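Colleague: Chains S and D, in that order, are what the protein sequence lines are.
Under the working numbering, the residues of the first sequence are numbered 767 to 1145, in order.
Under the working numbering, the residues of the second sequence are numbered 767 to 1145, in order.
Hints listed in this document are in silico derivations from the structure and should not be mistaken for laboratory results.
Everything numeric in this text was worked out from a predicted model, so none of it was measured.
No false leads were slipped in.
Ranges between beta-carbon positions, derived for each pair: (1) D:Tyr-812 to S:Lys-889: 58 to 66 Å; (2) D:Glu-996 to S:Leu-1107: 35 to 43 Å; (3) S:Lys-971 to D:Gly-1081: 44 to 52 Å; (4) S:Thr-976 to D:Lys-1094: 31 to 39 Å; (5) D:Met-767 to S:Glu-781: 24 to 32 Å; (6) D:Lys-921 to S:Gln-805: 52 to 60 Å; (7) S:Leu-940 to D:Asp-1105: 48 to 56 Å; (8) D:Arg-1131 to S:Thr-976: 51 to 59 Å; (9) D:Tyr-812 to S:Arg-862: 35 to 43 Å; (10) D:Asn-1142 to S:Gln-805: 46 to 54 Å; (11) D:Glu-798 to S:Pro-1053: 28 to 36 Å; (12) S:Leu-940 to D:Asp-1078: 41 to 49 Å.
Ideal Cβ positions, reconstructed from N, Cα and C, are used throughout, including at glycine.
2 protein chains.
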Amino acid sequence: MKERIFTPGPTPLPEEVRLEQARQIIHHRTAEFSEIFKQVCEGLKYVFQTKRDVFTFAASGTGAMESTIANLFSSGDKVLVVRGGKFGERWSDIGRSFGLEVIPIDVEWGKVVDPEQIEEKLKEEKNIKAVFTQLVETSTAVVYDIEGISKVVRKTPAILVVDAISGLGAHPLLTDEWRIDVVVAGSQKALMLPPGLSFVSLSEKAWEFTKTSTLPKYYWDFNKAKASLEKGQTPYTPAVSLICALREALRLIEDEKIETVIERHRKLAEATRKAAVAIGLEVFGDPPSNVVTAISLPEGIQDKELRKKLKDDYGVVIAGGQGKLSGKIVRIAHLGWMDKLDIIGVISALEMSLLELGYDLELGRGVKAAEQVLINDKL
Amino acid sequence: MKERIFTPGPTPLPEEVRLEQARQIIHHRTAEFSEIFKQVCEGLKYVFQTKRDVFTFAASGTGAMESTIANLFSSGDKVLVVRGGKFGERWSDIGRSFGLEVIPIDVEWGKVVDPEQIEEKLKEEKNIKAVFTQLVETSTAVVYDIEGISKVVRKTPAILVVDAISGLGAHPLLTDEWRIDVVVAGSQKALMLPPGLSFVSLSEKAWEFTKTSTLPKYYWDFNKAKASLEKGQTPYTPAVSLICALREALRLIEDEKIETVIERHRKLAEATRKAAVAIGLEVFGDPPSNVVTAISLPEGIQDKELRKKLKDDYGVVIAGGQGKLSGKIVRIAHLGWMDKLDIIGVISALEMSLLELGYDLELGRGVKAAEQVLINDKL
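Throw the hints in and build the complete structure from the sequences for me.
Modeller: Structure, rendered in structure tokens:
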């Protein structure tokens, strides 16, 4: 049986990316590598929709999140953190580990923050240095209104820091146009790579923060990253094979065009939700993201049983709930290298598995609903 | 023309490692990945010659160096750093970035520290928390006497921290037997992987230091790494494709046996040195390492010209000097997936290139000297 993964990272690797990784390694302190790295940096700017530098770290996404804290802040700095899921909690945890005074804006899991709430908090609290949020809170499968939040934050001296690790490439994120100060991303999501690389872009306003930050940093030092970038290099040994593979992934995105990539994610997500509803399931999280669809487990269906059957009988790997949603939802990602028939497949496997586990449904109804969304679409 | 790299990291990838990376990605929060990761952790213990945990980070070697500082120390802690090259300087730079009081033991580049010097310093200075050194100082191509240093440090409350990034697998390093407190390693050296993973092992004495450290940490947190390791996991998304490839590389090392791997490095290094001397060149650095051979550039031969010719005419990539040795030496690595004929090839390319650049030598003399070392050897 073939294995098919529908997890919100890692996501399936296109053949171009896989084969690129099988090539013999090259040395990084060479003109050849610098040329590749420069192409990668340009491609990242296109995906980030920014004219500014994008820094690349040999680290997974949490590393790039930490780099933002270490480079832009000092112990005691007061920051707002939107905390509506596991990754909101992560901002809060990293901030506190580094001595920041974290003021949480707690959001019910599955709901999103209203930009007005942030505006109020920014008025209420003095000296807020930054607002931290997600583009997509992967644990609850919702998408935040980053454009709206940005309009509120940009009127203040605070910077807006967006964890777009799972959301970049699946939702519109106009970094420069929306004036987002910091965007953090990771390789194993819409960028269609294995995990092991993460990225940060900074506005001029954010860059100013590097000048006053006193937190210790070395591996994550943005000043060193910037100085090296100008020479087509990274300060420390880069993850060469992943960077070479990233060039291939970026080519695929450029060929498809970023707007089309995002539209494809939107359509696949819509098909997944319509299918779930058609077989009587409830979609969890509002507004739902293009990254992953969370489905509330119907009565009598156990998370582990369902995921085991999907895996054992159909080769399908989906995600369970995280933290307080563990055992309450399952999550089906439609992220990265995914197409229409991938979605038909996962819906079909879900129908068959649920029926076998005693859930009452009419086979084919979910697939039909998905087909009605996907037919005639040039994805 | 084929490209052949003789750089002290990255090193050439065996076919098993390359093909493993071309496989479709698997999700990391699965029993399948945990099983792979557990095998990897066991294999690492074998290479490190330790019974204790080895932590794996998605980061290059400098990241694991930083993790050691962040987890074991506090601002103001006094430490000794053996500074005999670029990587000794790196310990000193990271330490100072994190507010440690770094007392350097400066060693002439190309020479090594005498354990007695460390013993004296440890007596002279009060409250030294740690001694930092390299196994191999890659920039000067020398190997330090870690066993001797350990005998001195273990008598004090200080811990010994060894950057074995380039040396592990190329020189004996009996972590437990020699009672080395911290060993740091990287993937792109004798482990025959691309860069992007780094490793740390800790003695019980070192682990005690985690209990008093007040430096901020999150991504590098050893306590989180330990708690996850027990479940066959990492705290944050691991570099899945590199970890799967590492299992293959570790299998190759286990099949060959670590003692044989080290002996192979020793023999290839000896052949390289004998060849260099046979064509009238001077080997730089004493005692020379099994990792890389540094050769002083003879009068009239320019570093860049020589390396360009090697690359353009023979497809051979070697390294130049770093820092104050830039333009004065070239470095030929015999590290990782290397065999007898690789060495014959690089020596031959060196002979032909030097002659073409006007250096007076008899073709074949270097190769002959290398053959005399390598003949009849079951490498």
